[in-house]
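So the sequence lines, in the order shown, correspond to chains H and X.
For the first sequence, the working numbering assigns the number 385 to the initial residue and increments by one for each residue that follows.
For the second sequence, the working numbering assigns the number 31 to the initial residue and increments by one for each residue that follows.
If you're looking for bench data, these hints aren't it; they were derived computationally from the structure.
Among the clues, some could well be false.
20 angstroms max Cα-Cα, derived PhoX-like pairs, lysine-lysine [said to hold, decoys possible]:
no. : chain 1 : residue 1 : chain 2 : residue 2
1   : H       : Lys580    : X       : Lys93
2   : X       : Lys105    : H       : Lys548
3   : H       : Lys548    : H       : Lys580
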Amino acid sequence: MLIDPRVKSIIIFNEGGGIVKREIKLTLQTGSNNFEIQNIPASFDPNSAEVKLKYLKPEDKTHITLQQTITSLPDIKNANQLIEREKSAAQNIISHSIDFTREMRDNISNICEASSYKTYADMNGIFEFIVNSSRESEILVEITYFINDIRIKWNTTLHVNINKSGKTAEIEGFLVIDNQTGFSYNHVDLGFAIYKIPEDASLNLMQEQEQQAYFQSSAIGQDLQQSRKKTQRLKNLML
Amino acid sequence: MKKKMKANIPTRKKIKLNWFKSKCDLNIEREIKIQYTATNVSYNKINWDVIIRYILVKQGDIKEIPINSPMTLYKDNLPFLFLNTAGTIGNKIISEDLIDDDIKVDDDVVNINEGIEKVTYEDARDPKEHIEVRTRYDNISRKITIENKLNDDIQLILDFKQTKDIVFVSSEPVPSEIEEPNYKYKINIPSEQKSSIIIELKAKIIARVTKIKPEFLKKEKQ
Chain H
385 MLIDPRVKSI IIFNEGGGIV KREIKLTLQT GSNNFEIQNI PASFDPNSAE VKLKYLKPED
445 KTHITLQQTI TSLPDIKNAN QLIEREKSAA QNIISHSIDF TREMRDNISN ICEASSYKTY
505 ADMNGIFEFI VNSSRESEIL VEITYFINDI RIKWNTTLHV NINKSGKTAE IEGFLVIDNQ
565 TGFSYNHVDL GFAIYKIPED ASLNLMQEQE QQAYFQSSAI GQDLQQSRKK TQRLKNLML
Chain X
31 MKKKMKANIP TRKKIKLNWF KSKCDLNIER EIKIQYTATN VSYNKINWDV IIRYILVKQG
91 DIKEIPINSP MTLYKDNLPF LFLNTAGTIG NKIISEDLID DDIKVDDDVV NINEGIEKVT
151 YEDARDPKEH IEVRTRYDNI SRKITIENKL NDDIQLILDF KQTKDIVFVS SEPVPSEIEE
211 PNYKYKINIP SEQKSSIIIE LKAKIIARVT KIKPEFLKKE KQ
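Work out the full structure: start from the sequences and follow the hints.
So, in structure tokens, the structure goes:
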């Protein structure tokens, strides 16, 4: 069964990526219940994917169990071919868009723009889980996973108004979230952390070329590409 | 209790959220770091940079601000300086170090008294050669003039660091603080005024010349 749990919260990392928490109430049939979660970005880390069952009735604990989770990422080669095809189709549409009316042109150019920015990380990953139940019931399911995508990140900007004396000032802090991914998060609880996802293989999902292109374009390049290993602890921002 | 922030984050968009607003004390630190080498100590003129950093001591909760966050300083509601943060320590928000272009530092040589040269010899790689080492101790006096081109009075610290070759002898005025090898001067300069310090130094000047040993020089001539 296809399900689309609501994104409840997202903790965004300042150097890109984050932790997504989603939640849904499910009706279970007697026996094995298979669920496939929609809108899982291919930038999710399968190793971090976690399903937690929250029992609505205490007695369900003995009747409902999580059998397993199944995760996988789309094949890079096929996904890239698909993206290339979409991009070239989008280019063709844009080159003929002069024939469209103004309203249509805006809509079409939005779709085409989304296609032209699409990368592997915007494709859908597979995240399924099987729940065994010995009776019909309802349960709350919480799904958590890391996303390893440097295109979603935050930073701060500070405005300092210096008073006439020059000794005191008024400081205003703003949080700026930059989401250049293909996924939207609506009405979510936000958390912010100072953290950089380690560049090891399990999390390094973006293709090397894509990363280089992104680093070059956003001019944050050299620091992030350094492979110096150091301790780092996730620091949650006090809001 | 931890506050919760809710927002919509649309795809391919940037959103800006208010985070905090508070009063803070503003401290401006200016510093000139001076350290000579055996080569530049006798230069006629040297220009040093004045390093400036802004330190904001925030009231209220501690906010962890990532390094390199952009910071804009406003005066009379007009932006006058764009810089980045270098870090936070507790309630202190520290800006990156910048060169203060409105403070000029000219360092001119006043006098050089060359000492008597003492010659010693060291072995060279080639057995036919040796290295002539000429060592002398020069007494050098230099005048450091700091010009404040700003409309406001400034306070700064001139930090002279002596090395094994360039040693501090005396100065006029005397240092405000001595913590060897550092000699620090706390200086106040009114707007559009200059302030000077004369430093007496002893410099160990060494010149090395590789020469053919005299006995081999004669043989070659023969």
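Hint check results:
no. : hint                : in the structure
1   : Lys580/H - Lys93/X  : 19 angstroms, holds
2   : Lys105/X - Lys548/H : 8 angstroms, holds
3   : Lys548/H - Lys580/H : 40 angstroms, violated
When held up to the earlier numbered hints, the structure conflicts with hint 3 and nothing else.
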